[in-house]
Amino acid sequence: MYALKELGKYTTLLYQALRSSTEFGTYRKNLFHELVKVGYDSVPIIILVGIFTGSVMTLQSAYQLEFAFIPLSTIGAIVSESILIELAAVISGLVLAGKVGARVATELGTMRVSEQIDALESMGFNSVSFLVVPRVLAGILMFPVLYIVASVFGIGGGVAAGYFSGSVPPADFLKGARMFFYPWNVVFGFLKSFVFGFIITTVACYKGYYAKGGAEGVGRATTEATVMGCIYILLADFILAALLL
Amino acid sequence: MKLSNEVKVGITVLLAVVVAIVGFRFMRDIPIFRQSMEISATFDRADGISNGSLVYIQGVRVGSVNRIVLTPETRVNIRMRIDTDVPIPRGSIARLTSLGIVEGKSIVIELGTSDQFVEFGEEIEGIYAETMMEVLGQRGEELGDDVSNAIYELNMFLRQLNETLNDDARITLNETLNNVSTTTGRVAEILEGKQQEIDTAIESGSRMLSQLDTLVTDTRPQVEMLMATIEKNIAELESVRIELESAASNFNEILEKINRGEGTIGLLVNDPSMYENLDSLTIELNNLIKGINENPGRYLRHMSIIDIF
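Here the protein sequences line up with chains A and B, keeping their order.
Numbering follows my numbering, with no gaps: position 194 of the first sequence is 194.
Numbers given in my numbering equal positions in the second sequence, counted from 1, plus 1000.
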């Protein structure tokens, strides 16, 4: 019963956000602020995540396939395809669930418990349009961008790791990466990042927007936003893979 | 300069889009900044080829497979994107093959010799080359029994070998190996020690051989002359032999005649009368001499000493 109530509240909030998404003037300034916070400010951490994902994948694939009777280019294929189809979207999604989700939930939760949202409402502002819509839009728009960053730096990190460790020459790596490159995988990863952006921001907004109980409530909202964001990301990843592959 | 939020967002999105497009073209093996060439070829089948499979000319990667379509004649039309400055002559052949046992399939273009070159979108001849693994796969069933038999026999052999090689035998074998190794070591030592002598021996041997060679070359005319003389002599001997033969036969004839009692000697040899005459003559002479001895006056009566002396 509790879960159904939560789902209903969540859907209602989404509906309100969707309906008020036409009020562009209300959230225009906030939108760009959020785009910078979600996208621009997240680029360094995503670059870091990408490089490490790719290089670790390469080193470990090379280690595991060391004695197998396979060409080195297979390592490039494995790493680049894994990154494009799964890791770039999911790992950056998990990282951003912490970074973006926690921030959004804390901001909205604090505004809720300090009655700033009520103040906005009483001044005649549409609080959903003003607070929720720009954050969700920023997530939807910026996550695919971050996916590109993660992919590029992931594959770059893989090439670099293969080169510096001497296990896979860059030419072999790229040969394998190109040979098994399917555009659909990129589209799929793109779609994933889009969905993850939506999930992280909406869950965080929901948890923050309906936070109650002072500082403790804000803390709970933040924790839940992060944890539930991660869980829903993994769930959505599974559902997308089952449906689309 | 403090960037406004809009500018920051714009920069991020623009860079991401550019990187995405460049990266996508890079991964699809499309030249990033220019149009590339496209040709196609039709094969009987296209096992192991997929979009992105590589295309080679003389072992150099020049492009990749772009599209694979099954034609109404149930052949496979493969379109390739070629990115090279080298023009491809008409009459070139695209061979669908595998570069190694474990490598995937790829297309190798064997350049023709025509003066005319393939234009954009043109089709060249395609040949599907069966790889070793495929041939093996087809033969696999036939080979299967043989292989399993061979393995069974190998197994038996190994088991027997194992039984034969009990611990004692193993120890002996080990000792033998050790001995062999020691011996080899000693031989090596000896060889090392005698290296110089061996070298000298080989050197002098080779010098001797060369001297012998010169000698043979120098004396050759003389030897030849000698041989010729000998040959001549032999020929003369032959003629002597013939003469001797005829002489012998003549002699034979004479002997035969003698045997038959022809001629003087024949009669001499074969007729006993002469012997008898001689014999009786001898007897009578004996008698005469006896008579003279007994009574010389009888014979000397009419002879005076003066007459005699």
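These are computed hints drawn from the structure, not numbers from a lab.
Do not take every clue at face value.
[Unchecked claim] Covered stretches of chain A, as calculated for chain B (at least 3 residues, CB under 8 Å):
hint : segment
1    : 26-36
2    : 39-51
3    : 181-192
Yeah, the Cβ is synthetic: ideal placement off N, Cα and C, and Gly gets one too.
Against the structure, the hints:
1. 26-36: It holds, with 4 qualifying residues against the three required.
2. 39-51: holds (count 3)
3. 181-192: holds (count 4)
Of the numbered hints given earlier, the model fails none.
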